[in-house]
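Peer 1: Residue numbers (this note's numbering), protein chains in the order written: chain H, 1 to 407; chain C, 408 to 801.
No lab work stands behind these hints, which were simulated from the structure alone. Where hints are given, some of them may not hold.
What the hints assert, rightly or not - Looking from chain H toward chain C, a few residues come up when the C-beta cut is under 8 Å (computed):
#1 Asn42
#2 Ala43
#3 Asn72
#4 Val98
#5 Gly148
#6 Ser149
#7 Tyr153
Stated by the list, open to error - Label pairs and their calculated CB-CB ranges:
#8 Arg579(C) <-> Ser149(H): 26 to 36 Å
#9 Thr614(C) <-> Ser32(H): 56 to 66 Å
#10 Arg779(C) <-> Glu55(H): 28 to 38 Å
#11 Asp36(H) <-> Arg789(C): 50 to 60 Å
#12 Thr734(C) <-> Ser149(H): 57 to 67 Å
#13 Ala552(C) <-> Ser149(H): 50 to 60 Å
#14 Gly67(H) <-> Val772(C): 57 to 67 Å
For glycine and all other residues, C-beta sits at the position ideal for the given N, C-alpha and C.
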Amino acid sequence: MIRLLLSVLVAGITLASRPVAAQTADDLFDPSALHDLAILMNARDWAQLRATFMENTYYPCDVEWRGVRARNAACRSRGSGSRNGVKPGLRIDFNHYVSGQTFLGLDALVLDNFASDPSMLRERLSMTLLERLGLPVPRESYVRVVVGSEREYVGLYAAVEEIDDEFLKHRFSAGGGYLYEYHWVSEYHFEDLGPELEPYATLFEPRMHEQDSMFTLFTPIRDLVAAINESDSRDLGTALAPLLDLAPFVTQLAAENFLAEWDGLVGYAGLNNFYLYRPPDTGRFRLLSWDKDSTFAWLQMPPAHNFDENVLTRKLWANDLLRQQYLQELLRAAAAARDMTDDVTRLHELIGEAALNDRLKPYSNQEFSDAVDDVRRFARERAAVVGAFVRPLLSPADIGSSVAGSR
Amino acid sequence: MPYAIALLPAMTPAGASAQELANTALLHAALHVVAHAEWRHIDTAGGADDGVDIPRARLGLKGDAFRYVEYEIERDFRSTNSPWRDAYVNVAFRRALELRAGRFKVPFGAEELISVTDLDFIERALVASYLAPARDVGVMAHGRASGRRIRYHAGIFRSGGDNVRDAERRERSGGPLLAARVVIRPWGESKPGGRLRGLSFGTALTTGRVPEGLYSLRGETLSDRVLFPAILVSGERRRIGGDAEWRGGPITLYGEFIRVTDQRLALAVDDGPLSDIDTRGWHFSAAWMITGEDNDSRIRPDRALSKGGAVEIAARVERLQMSALATGPPIDSPRSDAIIPRGTYAATAGVNWYPVEWLKIQANVVREWTDRPPTAVEEVFRTWHPVARGQVAW
Numbered sequence: 001m002i003r004l005l006l007s008v009l010v011a012g013i014t015l016a017s018r019p020v021a022a023q024t025a026d027d028l029f030d031p032s033a034l035h036d037l038a039i040l041m042n043a044r045d046w047a048q049l050r051a052t053f054m055e056n057t058y059y060p061c062d063v064e065w066r067g068v069r070a071r072n073a074a075c076r077s078r079g080s081g082s083r084n085g086v087k088p089g090l091r092i093d094f095n096h097y098v099s100g101q102t103f104l105g106l107d108a109l110v111l112d113n114f115a116s117d118p119s120m121l122r123e124r125l126s127m128t129l130l131e132r133l134g135l136p137v138p139r140e141s142y143v144r145v146v147v148g149s150e151r152e153y154v155g156l157y158a159a160v161e162e163i164d165d166e167f168l169k170h171r172f173s174a175g176g177g178y179l180y181e182y183h184w185v186s187e188y189h190f191e192d193l194g195p196e197l198e199p200y201a202t203l204f205e206p207r208m209h210e211q212d213s214m215f216t217l218f219t220p221i222r223d224l225v226a227a228i229n230e231s232d233s234r235d236l237g238t239a240l241a242p243l244l245d246l247a248p249f250v251t252q253l254a255a256e257n258f259l260a261e262w263d264g265l266v267g268y269a270g271l272n273n274f275y276l277y278r279p280p281d282t283g284r285f286r287l288l289s290w291d292k293d294s295t296f297a298w299l300q301m302p303p304a305h306n307f308d309e310n311v312l313t314r315k316l317w318a319n320d321l322l323r324q325q326y327l328q329e330l331l332r333a334a335a336a337a338r339d340m341t342d343d344v345t346r347l348h349e350l351i352g353e354a355a356l357n358d359r360l361k362p363y364s365n366q367e368f369s370d371a372v373d374d375v376r377r378f379a380r381e382r383a384a385v386v387g388a389f390v391r392p393l394l395s396p397a398d399i400g401s402s403v404a405g406s407r
Numbered sequence: 408m409p410y411a412i413a414l415l416p417a418m419t420p421a422g423a424s425a426q427e428l429a430n431t432a433l434l435h436a437a438l439h440v441v442a443h444a445e446w447r448h449i450d451t452a453g454g455a456d457d458g459v460d461i462p463r464a465r466l467g468l469k470g471d472a473f474r475y476v477e478y479e480i481e482r483d484f485r486s487t488n489s490p491w492r493d494a495y496v497n498v499a500f501r502r503a504l505e506l507r508a509g510r511f512k513v514p515f516g517a518e519e520l521i522s523v524t525d526l527d528f529i530e531r532a533l534v535a536s537y538l539a540p541a542r543d544v545g546v547m548a549h550g551r552a553s554g555r556r557i558r559y560h561a562g563i564f565r566s567g568g569d570n571v572r573d574a575e576r577r578e579r580s581g582g583p584l585l586a587a588r589v590v591i592r593p594w595g596e597s598k599p600g601g602r603l604r605g606l607s608f609g610t611a612l613t614t615g616r617v618p619e620g621l622y623s624l625r626g627e628t629l630s631d632r633v634l635f636p637a638i639l640v641s642g643e644r645r646r647i648g649g650d651a652e653w654r655g656g657p658i659t660l661y662g663e664f665i666r667v668t669d670q671r672l673a674l675a676v677d678d679g680p681l682s683d684i685d686t687r688g689w690h691f692s693a694a695w696m697i698t699g700e701d702n703d704s705r706i707r708p709d710r711a712l713s714k715g716g717a718v719e720i721a722a723r724v725e726r727l728q729m730s731a732l733a734t735g736p737p738i739d740s741p742r743s744d745a746i747i748p749r750g751t752y753a754a755t756a757g758v759n760w761y762p763v764e765w766l767k768i769q770a771n772v773v774r775e776w777t778d779r780p781p782t783a784v785e786e787v788f789r790t791w792h793p794v795a796r797g798q799v800a801w
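Looking at chain H on its own, in the form it has when it is part of the complex (with noise of 0.2 Å):
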């Protein structure tokens, strides 16, 4: 009996002492769960971040996950378009006041407002797509976020991976290179902006290797965009084959497509929301998609929609082969979205009711419903819309080919 007890007392200890298990950022963008992230701020800092929500003034504050705490990261204002200073859109900096500090390995953290997706499905699941369709893109969860030592609940965010040189060594085996981040100033289509670096200076900003000579730094961009506008439409690959990985180039523009992007490589002013990068291997461009919340904007958006306003875009329309390939691209993200109607179900249940006890979000509860609803059809009924514009211009054999490959 006495033997019996200290069994169950020893083993009992064990169990008890047995060290939790060390949270990981897998953990944190676990795409099944709906997070709880509180941000510790003073709150005259709150009021003066959503007061000042245009600028990027940081503020010191604390961030606490599953009982992990950073203390002494660095809270802004982000975004361009979805800037707001009733639910400001928000980068968590982990080490702005401490170098070298990271949270579960990231050096910061983008929480996504949703103030331009009334859904908050539409970023989620575009990342999805082009995830499925071998494309690097960020990690991605749903989290509630509470702020303040009153934990006052801000709303449902977006935690979002920001591209840096950690997603970058996750995503491509040598890891380095150069990496910038497009900033719309305005409307531009990869046109020819001349011998000069610093127009794409202002189009590109460095986020690695950010002290190196211009000219190491933009020269290659130019002459990317100088091969792009030299080259002739029917020699376009091989023009381009040194300077841009066009394979991906052409999955993503396809995946954007299907998905109705309205502000991304092909939107409605010029390119945007993407980042470039370099690897140091291949030194071929890559496009990383980045911010997809203006996905899902028109069911029957053609799929070639925009492209005679892009160089790029439209030189590869004009090349038979590339041509052949991206409509392949978007049967191919068709047959990749078959889920996408459970997945907005899926979705829908894990967020619905921190979304309408979102009292801040710039849109209401019906709206948001509403926008579910459109997103819903679209998920149900796009892959029928771009089959249709796709077959015609596909010879018969292609078609059979591109869809069994999908399966």
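Position chain C against the provided structure of chain H, taking the given hints into account.
Peer 2: Then chain C, alone, in the frame of chain H:
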């Protein structure tokens, strides 16, 4: 420098009567003048900074009326921040009780309370320049008791004094400042005290509220480099100071310490309090009139100008520092509990020449050792700088 020196003869008094504007049984009024011309050389990270300046040109009126009422008004024509220096009326009911109202020095900081014309060094000690409140508008009771063994001051002032940051002075929502100071001369002026008659001890305190803002105390080195960054504070500001002085004929020994704590209520990221900001410092100095005059506040040369006037040598060591009363690692964040500690040591050696009573020529050489902040990339940490001043005052 040459044009500054050229100004001095033009400013000299023609005679004692020229200072007096009125001198009757009921009213006495005298003109008061202070002018400083300075040259200094400061080593900087990029080279050296040489300059000649006239930092002070003050004109004032001082006197009494009806036996019991004293007054003083003074304006500095070189100051843009606080051109009006003193502007007060003092009523002496009796030796033990006088009342002063107007704008004058808050009774805190032994060196700060010494007139700039009577200092042994060109620059005030750092603790006096930055930790004492200096002047403000207020009302004060003061007097002497117990055969001049005890002197007291107690007053209430509109805000935090001239030495706080300009932004805090403009804010003026912090509320009044209470200040008190007691000086004890244990042996008074009694003969049995012997050499100890010149010994005195002082202590003082102030308390007041600081509005929320980047209003931590200012602090610079003697070479005018910013030492203390502006840090968020909110709540009570408390000062405590102590000093000891011994005057024995031509020799003066003198030391003082000041400590200021600023609360940081509701400033943490969780809206709780942060640890108080602790700003403190001390100085110790010695001065010797090598020509033998008593080292009083106003030196009167025993020897004629033709024989060299009076000469004094002086030396001072001092410390000024700021930190937070926290235990964690310092972070360069406005809401960090711990802050990066900053401070400086300085040593000053000087010679003062008094050709006549109203003229003083000073030369100082200053050596500073600034604490190296952990985040510093490039900074001047050790400097020499010589300073010279010509002073006309009567």
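Peer 1: State the violated hints by number, sorted upward, taking the hints as numbered earlier in the document.
Peer 2: 7, 12
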